[in-house]
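Dock chain B with the ligand against the given chain A, drawing on the hints supplied.
Those protein sequences? They're chains A and B, same order as listed. Position one of the first sequence corresponds to residue 1 (the UniProt record's numbering), numbered consecutively onward. Position one of the second sequence corresponds to residue 1 (the UniProt record's numbering), numbered consecutively onward.
Hints were generated in silico from the structure; no laboratory data involved. Fair warning: there could be bad hints in the mix.
Okay, derived cross-link-like pairs now, DSS-like style, lysine-lysine, Cα gap no bigger than 30 Å in a straight line [stated by the list, open to error]:
#1 B/LYS306 - A/LYS364
#2 A/LYS40 - A/LYS345
#3 A/LYS377 - B/LYS320
#4 A/LYS382 - B/LYS47
#5 B/LYS320 - A/LYS381
#6 A/LYS261 - A/LYS21
#7 A/LYS381 - A/LYS21
#8 A/LYS148 - B/LYS201
#9 B/LYS306 - A/LYS133
#10 B/LYS306 - A/LYS344
#11 A/LYS345 - B/LYS306
Footprint (simulated), chain B over chain A, 3 or more residues, beta carbon under 8 Å [as the list claims (entries may be wrong)]:
#12 34-40
#13 193-201
#14 215-222
#15 313-322
#16 348-358
#17 373-386
Here are some chain A residues the structure puts well away from chain B; computed CB gaps all over 10 Å [unchecked claim]:
#18 ARG4
#19 ASN5
#20 ASP46
#21 LYS54
#22 GLU67
#23 ARG68
#24 MET141
#25 PHE152
#26 LEU159
#27 GLY189
#28 LYS261
#29 ASP290
#30 GLY294
#31 TYR295
#32 ARG305
Just so it is clear, CB atoms sit at the ideal spot from N, CA and C, and this is done for glycine as well.
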Amino acid sequence: MKDRNHLADIKSSHKVSIIEKGTVDIPMLQLLNADGTLVKGAKKPDVDDDTLVKIYKTMRYIRILDERMIAAQRQGRISFYLASTGEEAASVASAAALDNKDMIFSQYREQGALAYRGYTTEAFMNQMFSNEKDPNKGRQMPIHYGSKEHAFMTISSPLGTQIPQAAGYAYGQKMQKEGKITICYFGEGAASEGDFHAGLNMAAVLNCPCIFFCRNNGYAISTPADEQFAGDGIASRGLGYGVKTIRVDGNDAFAVYAATKKAREIALEENAPVLIEAMSYRLAAHSTSDDPTGYRSKDEEERWRQKDPIQRLGKYLSAKKLLDEEQDEKDAEQMRQTVLAELKKVEKTDVCHIDELITDVYDKAPWHLQEQLDELKAHMKKYPDAYPNTSGRL
Amino acid sequence: MAKMNLLQAINSALITAMTDDERVMVFGEDVGHFGGVFRATSHLQEKFGRARCFNTPLTEQGIIGFANGLASQGSVPVAEIQFGDYIFPAFDQIVNETAKWRYRSGGQFSCGTLTIRTPYGGGIAGGHYHSQSPEAYFAHTPGLKIVVPRNPYQAKGLLLSSIRDDNPVLFLEPKRIYRASVGEVPEEDYELPLGKADVVKEGSDITLLAWGQQMDYMEKAAEMAEKDGISCEIIDLRSILPWDVEAVCESVAKTGRLLIAQEAPLTSGFASEIAATVQKRCFLNLESPIERVCGLDTPFPLAHEKEYLPDHLKVFEGIKRTVQF
Ligand SMILES: Cc1ncc(C[n+]2csc(CCOP(=O)(O)OP(=O)(O)O)c2C)c(N)n1
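Just chain A, with the same shape it has in the complex (with noise of 0.2 Å):
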């Protein structure tokens, strides 16, 4: 058996000794400027240019998006929104440097990772306006995607869940050998939730081949980070679970593309889970319910606007003429033309039969569903008027 001595690396000291914060400087990976242009005997990452345009054209799609759909939402054309603005490079840039069958478990600002593997407009307004055309059939609130297909897990509300599944669903790959890893988002608010604790301890003490990649965004609604934790941010955390720890620029695609690379490297090659702390400004509200001029200036949003992920890769792309700027207006045009006809299209599109209603509660209707329905069916054709979206198809 093997001999355990849990005291064998600790130095002793005769002094009190008192390791604070700052006594451990996590740097942070940074390879483009603000301008575009690299940054002072840094390299530009090992990729090639077409995949570099791709990630900025999702980058710009993904912005598009937003703005799109935040109007729609104003206009009361859908529910809810969730933008991702000033965040595109963490999603985007870390989903360009993986297999496109790794493991995505996201938390709701990720939909550029998605949209990275294909995902359509018309599959994400399906999704929105929770029509028969969702994959998850109109049951959660929108841009709660989910894609087998994608290998793009579900996504769940309560913040954090998916934390120590990301770690569960790794342990799988390896056991079975898939030579695939997960990567598993969450915000620094999501970061103080016990699953988080949970899911890194186990991850590693397991050996579970999974990326862990915190957007520290700055606010949880309208908690600032300074209020969410006294430490050192989330890579600290990282350390203390004994889990190899990237802190990068997350509004430079050059490092966010750079760390994930690498992680997935060690994550495959030595069954070992890291931590990506990419750091970013939510530069939207919190979602379309929040307000934040509540609590935060337009200064400080204008100070980040200075670090726009999308204009800083834009600048490198146009510089290496891998970038026509006349061609690249056009291009978001066509953009926001393709989201506006999709939109119109999408929303008339019926809502799901309400047989839908019980199905995959369990993997086939027990009884007492069956009955349920049977008397909800009956209750609808008496007050057909009441239900309007359902009861034409009864």
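Coordinates of chain B with the ligand only, in the frame set by chain A:
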């Protein structure tokens, strides 16, 4: 008297409690400067300072564990859980700790001063995780009180009683009518008794029983039934635990019939508990089986929310079934 909506009434109760007793502290996610996502705690931080009204990190188990410690020390915590759906990460702290603290210590310590406030219920297009009615999970736990107001007047009086009651209280706020329900609310301090139901309307043919945001549907259904010549007695339970068995049984003895409505799923809902107790106590008075109008036994849907929820039409049909049995 001032006109207030339900949120303002809660805010007023919190101001009253914090003014009256320095030990009262209000905290939770976004509760501080922002005043909570529904604004129930607006301006409390300005009035009472950051030490007594504050944001917590985003951890429900942390919030309630912390509140348990505070309560056992003798402070008076009023903890907010942002949505009833997110109370489950704190389930262990509430069910195993809050509720059992007094019992396990032989009465030496308790969490009696703790009040947990949380919005509950559907009807706001919140889907799966912004709509649930979790009262029955907690009603299965000895040691907790559970209170559900239906209007601003009750909200203030019942919340003040909850904060001052020497037992941990789970205070469920009907969020669908947070702003819609407006009424006269005294500015001064007043309390409404916990454990006492409110007979909203007298009648002779059937007793309609519900709580919180179901009450509006009861009144609407009763109006429909009256047009058909059925006289309804309406009772607002107000406290789920302990519940006012006397008021309910007295009414059922008179009317001979009972319909209970709840938003939560049918199976093991609190309506089941009431039905069993009334059946035992009023067996010989009953003229028809006790009727339950409830949510379906599925998770809470979004697109089918209207179909899923008990409404005045479902209650009206239930009344007719019972009366015509
Ligand atoms: C368990 C739980 N508690 C509360 C909420 C309500 N809620 C939704 S988002 C949010 C803030 C999340 O902040 P963060 O994790 O930092 O992500 P961000 O929104 O900043 O991207 C809160 C409190 C929830 N969804 N789940």
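ask   = For the stretch 34-40 of chain A, do three or more residues have a beta carbon lying closer than 8 Å to a beta carbon of chain B?
value = violated (count 0)
ask   = With a cut-off of 8 Å between beta carbons, are at least three residues of the stretch 215-222 of chain A near chain B?
value = Contact hint for the stretch 215-222 of chain A vs chain B: holds, 3 residues under 8 Å.
ask   = Against chain B, does A/ARG68 keep a CB gap of more than 10 Å to every residue?
value = Non-interface label on A/ARG68 holds, nearest chain B Cβ at 20 Å vs cutoff 10 Å.
request  = Given that the stretch 373-386 of chain A was listed as covered by chain B, double-check it with a C-beta distance under 8 Å for 3 or more residues.
outcome  = holds (count 7)
task = Measuring Cβ to Cβ, find out whether A/TYR295 lies farther than 10 Å from everything in chain B.
result = Non-interface label on A/TYR295 violated, nearest chain B Cβ at 5 Å vs cutoff 10 Å.
ask   = Taking only the CA atoms, is the gap from A/LYS40 to A/LYS345 under or equal to 30 Å?
value = violated, 49 Å
ask   = Taken at face value, is the distance from the CA of A/LYS133 to the CA of B/LYS306 at most 30 Å?
value = holds, 20 Å
key: Restraint check for B/LYS320 with A/LYS381, where alpha carbons must lie at most 30 Å apart   = Distance ~17 Å between B/LYS320 and A/LYS381 Cα, so the pair holds.
inquiry  = Taking 8 Å as the Cβ threshold, is the statement that the stretch 193-201 of chain A is covered by chain B upheld or broken by the three-residue rule?
reply    = holds (count 3)
request  = Confirm or reject the statement that A/ARG4 sits farther than 10 Å, beta carbon to beta carbon, from all of chain B.
outcome  = Label holds. Min Cβ-Cβ 31 Å, cutoff 10 Å.
query = Would the pair B/LYS306 and A/LYS364 pass a check requiring their Cα atoms to be no farther apart than 30 Å?
reply = Holds. B/LYS306 to A/LYS364 sits at ~23 Å (cutoff 30 Å).
query = Checking the smallest CB distance to chain B, is A/GLU67 really beyond 10 Å?
reply = holds, 22 Å
Checked against the numbered hints given earlier, this structure breaks hints 2, 4, 7, 8, 12, 15, 24, 26, 27, 29, 30, 31; the rest are met.
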